[in-house]
Every structure is written in C-alpha cells, then in structure tokens.
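All letters in the sequence shown, in the order written, are residues 6 to 246 by the numbering used here.
It is worth saying that the hints were derived from the structure and are not from the lab. Treat the hints with caution; some may be incorrect.
[Said to hold, decoys possible] With a straight-line Cα cutoff of 30 Å, these simulated BS3-like cross-link-like pairs (lysine-lysine) come out:
hint, residue 1, residue 2
1, LYS128, LYS39
2, LYS131, LYS203
3, LYS206, LYS100
4, LYS39, LYS184
5, LYS76, LYS184
6, LYS228, LYS100
7, LYS206, LYS97
8, LYS183, LYS102
9, LYS45, LYS131
10, LYS118, LYS159
11, LYS231, LYS97
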Amino acid sequence: MRYHRTIEGVFVKRPNRFIAQVLIDGKEETVHVKNTGRCKELLVPGVKVILEDCVHNPNRKTRYSLIAVWKGAMLVNMDSQIPNAVVFEALKNGKIKGFEDISYLKREVTYGKSRYDIYFESKEQKGFIEIKGVTLENNGVSMFPDAPTERGTKHVLEMIEAVKEGYRGALFFLIQMKKPDVFRPNWQMDRAFSESVKLAKENGVEILAYDSIVSENSITIDKPVKIDFSHEVNHRDRCLD
6 MRYHRTIEGV FVKRPNRFIA QVLIDGKEET VHVKNTGRCK ELLVPGVKVI LEDCVHNPNR
66 KTRYSLIAVW KGAMLVNMDS QIPNAVVFEA LKNGKIKGFE DISYLKREVT YGKSRYDIYF
126 ESKEQKGFIE IKGVTLENNG VSMFPDAPTE RGTKHVLEMI EAVKEGYRGA LFFLIQMKKP
186 DVFRPNWQMD RAFSESVKLA KENGVEILAY DSIVSENSIT IDKPVKIDFS HEVNHRDRCL
246 D
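Work the whole structure out from these sequences, hints included.
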C-alpha cells in the first residue's frame, strides 16, 4: 500500500489520542494521529515522524496525519487503518501461505455479534479473518496489544464459535515493521486477550503473524514470523510493564 504524498517532521507532544503537535520545517503544527493506541514507546519527544499530506482533502480539520515513526534505525508504520488493506491485498495476490486458492473476498462482514475484517471463500471452505496491527516491539520481540482490549478478546472468542460451526477462522497479526523475529501475545498488558488467543489456537483457529517492509510512503507484507505463546516474564518483557 502506498501513500500519495508524505513529509518528515519532529514529534513534540500528544495532547490526546487523536492529535499530536509536530514540527514541520521548524513550525509547530497540529496533526491527526492515525492510531488511538498508547504508542508511548514510539511517540517520544524529539523523534522523527512521517506524515501523510492530505492537502487534497479540503474537509479535514488538520492537513497532516501521523503515519510512521523512526525507532532508532527502524521505521514503524503506526497507521491503524492500513493493516486491513495490506492483508486484503496480500490475500488477493495469493501471498499468504495456505490461503492461495481463495475465490471470493469481502471486507467487514458481521457474524454473530462481531464484525470481522475479512470474509473469504475457497473451493472447499468459507471463513473469517480478524486482523490486528502490531506496533509494539522490544529487543526483537513484537507484542499485541499495547493496551487492554475487551473488544479484541470478544472477537477472538466469537471466532472460536465460528470454527466450531464449521467455518475456517484465522487471527492475523500484521507487524508494522521489519526488525522483530518473534511475535508474542502481551500477557503482562492484557492477560484475558492473551488467554483467548491461546484458547483459539487450541480450538482450531489459525494464528498468523507476518512482518512488513516499511518505507516513508509505503507498507508491504513480507514474511511469516515465529509465534511464541509462552507467558513467562523475562527481562525483555519487564521493561514494557
């Protein structure tokens, strides 16, 4: 997926979850943040950020949207609206192992009390895919969520029921960066969600994690990442509590 026009800035502060103050060419601007998560480990005063220039949309209150941030030498896409489009495009192009024979795809389909990101059909199966964008990383370990998510837990538990009723179900974690070599549910942040993911795996829901190639104006799905379901607290995790 590509952004039409981007520009670099310097993050100053985030007054609330919807907006941030960013220096652009030395001038402080109010910009929209395309991620309502905490992202505290990313949005540190003084870091370089990438903004989407939305000058073509005259109805916006702000001209720019914050879409990515440099974490050291690693660029992290933090646009929460982009993972669904990236995974949908990858499925359509047959880039996800085990999902190459899909004949029909549709976004945002309701099943039970949940709305899943993707509904798909193949020659032999019908199913649902729920997508989670991952921006939290520490020492090569990516984790989700970065804040408690009751809604996320509900979606996972209802996915289990869909599988029991004969559908194929998958929970897809798109890691919005390239560095991590392991993905792990964030047990310390949200034990209920993490337990639901482990339970889903035990009940036939497929758990997938892929990393991404991120540039200043694009994000593309890349390769599968190892998933670790263990929840032992180690040094790498303690610094995220």
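Here is what the structure says about each hint:
no. : hint            : verdict
1   : LYS128 / LYS39  : 37 Å, violated
2   : LYS131 / LYS203 : 23 Å, holds
3   : LYS206 / LYS100 : 22 Å, holds
4   : LYS39 / LYS184  : 22 Å, holds
5   : LYS76 / LYS184  : 11 Å, holds
6   : LYS228 / LYS100 : 9 Å, holds
7   : LYS206 / LYS97  : 25 Å, holds
8   : LYS183 / LYS102 : 19 Å, holds
9   : LYS45 / LYS131  : 39 Å, violated
10  : LYS118 / LYS159 : 9 Å, holds
11  : LYS231 / LYS97  : 23 Å, holds
Checked against the numbered hints given earlier, the structure breaks hints 1, 9 and satisfies all the rest.
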